[in-house]
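Chemist: Sequence:
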Amino acid sequence: MADLTKKYDVLVIGGGNAALCAALSARLEGASVLVLERAEKFYRGGNTRHTRNMRCAHDEATGTLTGPYPEDELFEDLLRVTEGETDEELARHMIHESKDMLNWIVEQGVRFQPPLAGTLGLGRTNSFFLGGGRAMLNALYNTAARIGVDVLYEAEVTSMDIEEGMFLSATAHIDGKDETIRAGALVAAAGGFESNIDWLKEYWGEAAENFLIRGTANNQGTILKMLLDKNVQQIGDPTQCHAVAIDARAPKYDGGIITRLDCVVFGIVVNKHSERFYDEGEDIWPKRYAIWGRLVAAQPDQIAYIVFDHDSLHRFMPSLFPPIKADTIGELAAVLEIPAETLEKTVTEFNGAVVDGTFDHTILDDCHTDGIEPAKTHWARRLETPPYYAYPVRPGITFTYLGTRVNKEARMIMDDGKLSANMFAAGEIMSGNVLGKGYAAGIGMTIGSVFGRIAGREAANNARN
Numbered sequence: 108m109a110d111l112t113k114k115y116d117v118l119v120i121g122g123g124n125a126a127l128c129a130a131l132s133a134r135l136e137g138a139s140v141l142v143l144e145r146a147e148k149f150y151r152g153g154n155t156r157h158t159r160n161m162r163c164a165h166d167e168a169t170g171t172l173t174g175p176y177p178e179d180e181l182f183e184d185l186l187r188v189t190e191g192e193t194d195e196e197l198a199r200h201m202i203h204e205s206k207d208m209l210n211w212i213v214e215q216g217v218r219f220q221p222p223l224a225g226t227l228g229l230g231r232t233n234s235f236f237l238g239g240g241r242a243m244l245n246a247l248y249n250t251a252a253r254i255g256v257d258v259l260y261e262a263e264v265t266s267m268d269i270e271e272g273m274f275l276s277a278t279a280h281i282d283g284k285d286e287t288i289r290a291g292a293l294v295a296a297a298g299g300f301e302s303n304i305d306w307l308k309e310y311w312g313e314a315a316e317n318f319l320i321r322g323t324a325n326n327q328g329t330i331l332k333m334l335l336d337k338n339v340q341q342i343g344d345p346t347q348c349h350a351v352a353i354d355a356r357a358p359k360y361d362g363g364i365i366t367r368l369d370c371v372v373f374g375i376v377v378n379k380h381s382e383r384f385y386d387e388g389e390d391i392w393p394k395r396y397a398i399w400g401r402l403v404a405a406q407p408d409q410i411a412y413i414v415f416d417h418d419s420l421h422r423f424m425p426s427l428f429p430p431i432k433a434d435t436i437g438e439l440a441a442v443l444e445i446p447a448e449t450l451e452k453t454v455t456e457f458n459g460a461v462v463d464g465t466f467d468h469t470i471l472d473d474c475h476t477d478g479i480e481p482a483k484t485h486w487a488r489r490l491e492t493p494p495y496y497a498y499p500v501r502p503g504i505t506f507t508y509l510g511t512r513v514n515k516e517a518r519m520i521m522d523d524g525k526l527s528a529n530m531f532a533a534g535e536i537m538s539g540n541v542l543g544k545g546y547a548a549g550i551g552m553t554i555g556s557v558f559g560r561i562a563g564r565e566a567a568n569n570a571r572n
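If you read the sequence shown in the numbering used here, its first letter stands for residue 108, the second for the next number, and so on.
Careful, some of the hints might be misleading.
Calculated pairs, DSSO-like style, for lysine-lysine (alpha carbon to alpha carbon, straight line, at most 30 Å) [as the list claims (entries may be wrong)]:
(1) 379 x 337
(2) 544 x 525
(3) 332 x 148
(4) 379 x 113
(5) 337 x 206
(6) 515 x 206
(7) 114 x 337
(8) 525 x 359
(9) 452 x 308
(10) 308 x 206
(11) 284 x 337
(12) 337 x 452
(13) 308 x 337
(14) 452 x 432
(15) 359 x 114
(16) 148 x 113
(17) 113 x 308
(18) 113 x 284
(19) 452 x 359
(20) 544 x 308
(21) 379 x 359
(22) 114 x 284
(23) 206 x 432
These are calculated hints, taken from the structure and not from any lab test.
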């Protein structure tokens, strides 16, 4: 039972994967720990509720992974998707520490399923949670309760008392009144600002009104803003984010994984003018799926359509919503309310440019186009088998990369370059240190788990000393 009259060793703000890893890590070091989760209990965990896997380095195949994934390979994958925009020292440190996470997190009660097969091709690199993100969260919360971590729900932090880089206390609205909570150290793990449309509009303009938020509506960025206002050093491009193409029929918030579409590589993507605008076969899907949200965001009215034929219908994981269907390309365009003549021309030109090869979605195959722009460099197949299908898509924002700068101990760095006396960060709120841009499937959970464990341990030691 939480006792707000006492001074805790460690206060953790947030309730997702990074926060729980921090809380468990601190408690295992012997610290008294209080977790403040803004959401009600059912919706606890932020975006972690919607996740499925994490990407960690490992030296050999296991019961849940089909082969080794060396540290250098994971770093090269990270470099490729970020185009070099990462703090190499922090990234390599995270990757090295990730090797032990798969064991540590199992010790905390989390279970993984057998290796995944199918269109995502992640069986060697990514470990999938048995039961998904909610099951993973439940396991961490159960362990937290068992070892004595205090947790309060519907506890919104409204202000923090921070003096010259030292956290003194937080004020939180709990059970209808404001409570002052004192702690020897702070771990901020409260996510980004992707749910704050007004803040997004500062960087994206009115286009942000058409963004859909894949996860929680609670990630308003209030903790991040408080910290930046208290002279914590900022890192990350505020326009960079994890943004995927999701079904345009998804709800504004909390649509989750079931609204994501994995069929881009099997067809073509056109905008509202029925024109293609990017290479749908640029790279293996798990390394490129997170660019499509930004690509669609740059299109007129932030809308696009994935178009494919009957031969591809059962080659990918279906969305919550059924695809839109028509017997001809022209009829499909009419249903989508986009120019029919232009779509017919786009499809005809694409089909004529396809160079036949051996189709294999698990590798960079030799099926490509020749003589059209943009090219489709892999997995190019003619759209010629009716009926034809389409999914309307909009940008689905998962989390933002603007955050607090930290060092290898997850300690926040102040504007003057000095280390905070007792403030640490983990998860989305500091992901910009590793992710300057781009994304590789599962890396967000790795950032949260690794830096959560580090932040909790360092905060506990800091509070004790």
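Chemist: Each hint should be assessed against the structure and marked as holding or not.
Modeler: Checked hints:
1. 379 x 337: Violated: residue 379 and residue 337 sit about 44 Å apart, past 30 Å.
2. 544 x 525: holds (26 Å)
3. 332 x 148: Holds, at about 25 Å.
4. 379 x 113: violated (59 Å)
5. 337 x 206: violated (35 Å)
6. 515 x 206: holds (16 Å)
7. 114 x 337: Roughly 22 Å between the alpha carbons, so the hint for residue 114 and residue 337 holds.
8. 525 x 359: violated (40 Å)
9. 452 x 308: violated (35 Å)
10. 308 x 206: Violated, at roughly 39 Å.
11. 284 x 337: holds (24 Å)
12. 337 x 452: violated (56 Å)
13. 308 x 337: holds (23 Å)
14. 452 x 432: Cα-Cα ~19 Å, so holds.
15. 359 x 114: This hinted pair is violated, its Cα atoms lying about 39 Å apart.
16. 148 x 113: Distance ~24 Å between residue 148 and residue 113 Cα, so the pair holds.
17. 113 x 308: violated (41 Å)
18. 113 x 284: holds (17 Å)
19. 452 x 359: violated (33 Å)
20. 544 x 308: Within the cut-off at roughly 19 Å; holds.
21. 379 x 359: Status holds; Cα separation ~21 Å.
22. 114 x 284: holds (19 Å)
23. 206 x 432: Not satisfied, since the Cα-Cα distance of roughly 46 Å exceeds 30 Å.
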